[in-house]
Amino acid sequence: MTDAAVPPPSPTLEEDSEVELRRLLLPDPNLLILSPPPSAVDSNYVHYFIAGTSLYPSPFCFSCLESYVICKLVDFLKPGHDQYIYRHANGLCVIGLAPTHASLSEGGVTSVDFNVGKSDRSEIKVTGKRKKNAQLLEPNSALCKVYASDNIYIARCCIKGSLLEVNNRLIKEPGLLNSSETREFATQGVYSPRPIWTSELYQDGGI
Amino acid sequence: MGEECMLEKQLVEESIRQSGLPCHALRDLLSIGVCPRCIFRLFGVHGDVYSCLSLSSSLLWSVLDLSNGHEEATDCKVHEGSSSPQDLKVGPEFCVVCWGILQLSYDEQAQQTFDLVASTAQLVKGEGFEIDSFSLEVSVPPIILGNERSVWLYMKKRYGSESRFQDKFFSGSISVKDALRFSITKSLEEMLAVKVAVRSFHIRFTYTHSDASSKISLVQGSRTDGHKKQKRGDKELLEGIDASDLEINKESFGLDIAEQDRIFQVPPAKVNQPCKVTTLCYRTPVYVGGRYLKYSRNVSQTRWIIDEERMGETSVEEIIGNLTLSILKADSYKFHAAGREDIDVRMLGSGRPFLVEIANARSLSSHTEFAELQEKINNLEPRIVRVKNLKEVGVDAWTILQQGEAEKQKQYAALVWISRSLEDEDLKCMSSIKEMDIIQRTPIRVLHRRSPLERKRMIHWMRAERIHGSKQFFILHLCTQAGTYIKEFVHGDLGRTHPNLGSILGCRAEILQLDVTDVKMDCFNS
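Just so you know, the protein sequences line up as chains G and W, in that order. Counting with the numbering used here, you get residues 6 to 212 for the letters of the first sequence. Counting with the numbering used here, you get residues 1238 to 1763 for the letters of the second sequence.
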């Protein structure tokens, strides 16, 4: 949502309420100029690009870096296993595979499995305001397994925090990851990170 | 002066007759230290005698002497160690039952009743209350009941055999609180120039006594003595005690007879100080209701402060509440509304019902012009808030507000952008949607403070309105069930709301602005 550049028309008390309503609902022309307008995902979240360290980064990863604010290199990810984190103003984070992830370039993802050995991440049931039963995970904990043409990629959590929910739709519709339009819906999970992580990020990425 | 004395003496004589007590019994009670008002009230006397200013033990003595002068020597059974009429004049003596509460006039302290009434009137005027009535609330230490019981037992022991007493106990005895009301209501009505009525203005007298608290600790001490105390316990029928005494048992702290005998002396012991009184006057909350409209996208509904920093310019609550507070000259306010909207969402159309609860208003709400207050609020610059149908409402308004909130439908107008051109088929498609169910997972923007749930909600109808000169922007009017997150319905919240506008139209959709155009509730409509 964008703020109006011009203050909204002020109401006069004498007008009939129906007439006044119609007048007030007329959109400010300044808003209609931006096409496309910034999306909800762009304006409500800070975007982080997480990539594995490598001496020879893939050329692809720089082109899409424009839409990301901060890039963080970590050592627990193999090169090419690029992920993103969208951090909301309230601290919650959404994790997913970046468009440059290796699995996406080889013909696509065939299936996603949240069963990572010790537990099935899709089976968690978090309840209540205090988010009981949320699993506390480490940055290098496995989030899910992504299968793409004979290769298995492991998506990691990338942050230390409690996992609130995973995107079960990916189990039935792993193809969401493949097309760029639906990739937005293909987030892996929603996290509630510990406060300490946010300060780490600020130190590394710089604001 | 002579006439008044005569009148009062007549009242006293009439009351003695009403009580049905013989003179020797009356003298006995006076001699153990019970004040006249307590004597009369315990034996069910009604009438104007309570408000007699000069009603005191010495007056009662003199009336008794006059009426039964020759019987005095033979009939009066004076308790050992009690004071005779002459002793009463030596130093202040406080009633052993009410501990001074009903002793509004004394020899030296004849000013006491005037003090209570006068100080109350001063308090009311000093606080600036505008009143059309008043009602009295009294709170006394519960120990008084124990003292009453001691007096009953005393009377029973000494006069229980006389048949005329058998049916007198408990029938029609008046409580201390009622007796106090009888005593001061007339004088207060004169001083405040209004009549007693249970309406909005209350005066509360709270009586306390230091001995009362020490007796209570005695009682509590004996309670923790191992054995269980039951209120309706096994009725120990001691000799000479019958069911009516066990009735006092129930009231008196749930102790059995033996315990009470241990703590409360028979007859009751004397005290050195009277009860202390605290007077408080207050008005019950005034409820002001109406509907509000919000024209700004930078004003929250209620005061919103994070880490000492205010979010938004101001709040609807403060705009309406502060002005109402100053007009009614009150202490504080509480703002309630039927639902809420985000800070960047305007509230237009019919307005949202709200309620302001005003505490301790000094002005009379019936004398307040609410139309004027509404004008004042609407004319504040800058024009952020508008109020409609402002008026005083009853106490049940809050319940009505809460009930309607979850059931009612809300109507919105949103400025929407889609990633392709808007076609006529899209307009038809959206108009044809009626009563569609959607499932919303808790939006991420509120997930940090709300439970993660899947909420099933209903879109009742939708209508798209083209914007002149634009292919991809349009205004979406929709009517939904209460509790639907509209922004998430439009942009999909990363797929967590399904179906959403993008999935219905088969493209990406974003919302730029949102306005609430109608809150369909059946209250504060006029």
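For the record, the hints were derived by calculation from the structure and aren't laboratory data. These numbers come from a predicted model, not from an experiment. Some hints could be false.
Stretches of chain W that chain G covers, calculated by requiring three or more beta carbons in the stretch to come under 8 Å of a beta carbon on chain G [to be verified]:
id	segment
1	1282 to 1294
2	1360 to 1373
3	1598 to 1609
4	1649 to 1657
5	1685 to 1694
6	1741 to 1755
For each residue, glycine too, the CB sits at the ideal point set by N, CA and C.
- [ ] Any hints from earlier that this structure breaks? Give me their numbers in increasing order, please.
- [x] 1, 2 and 3
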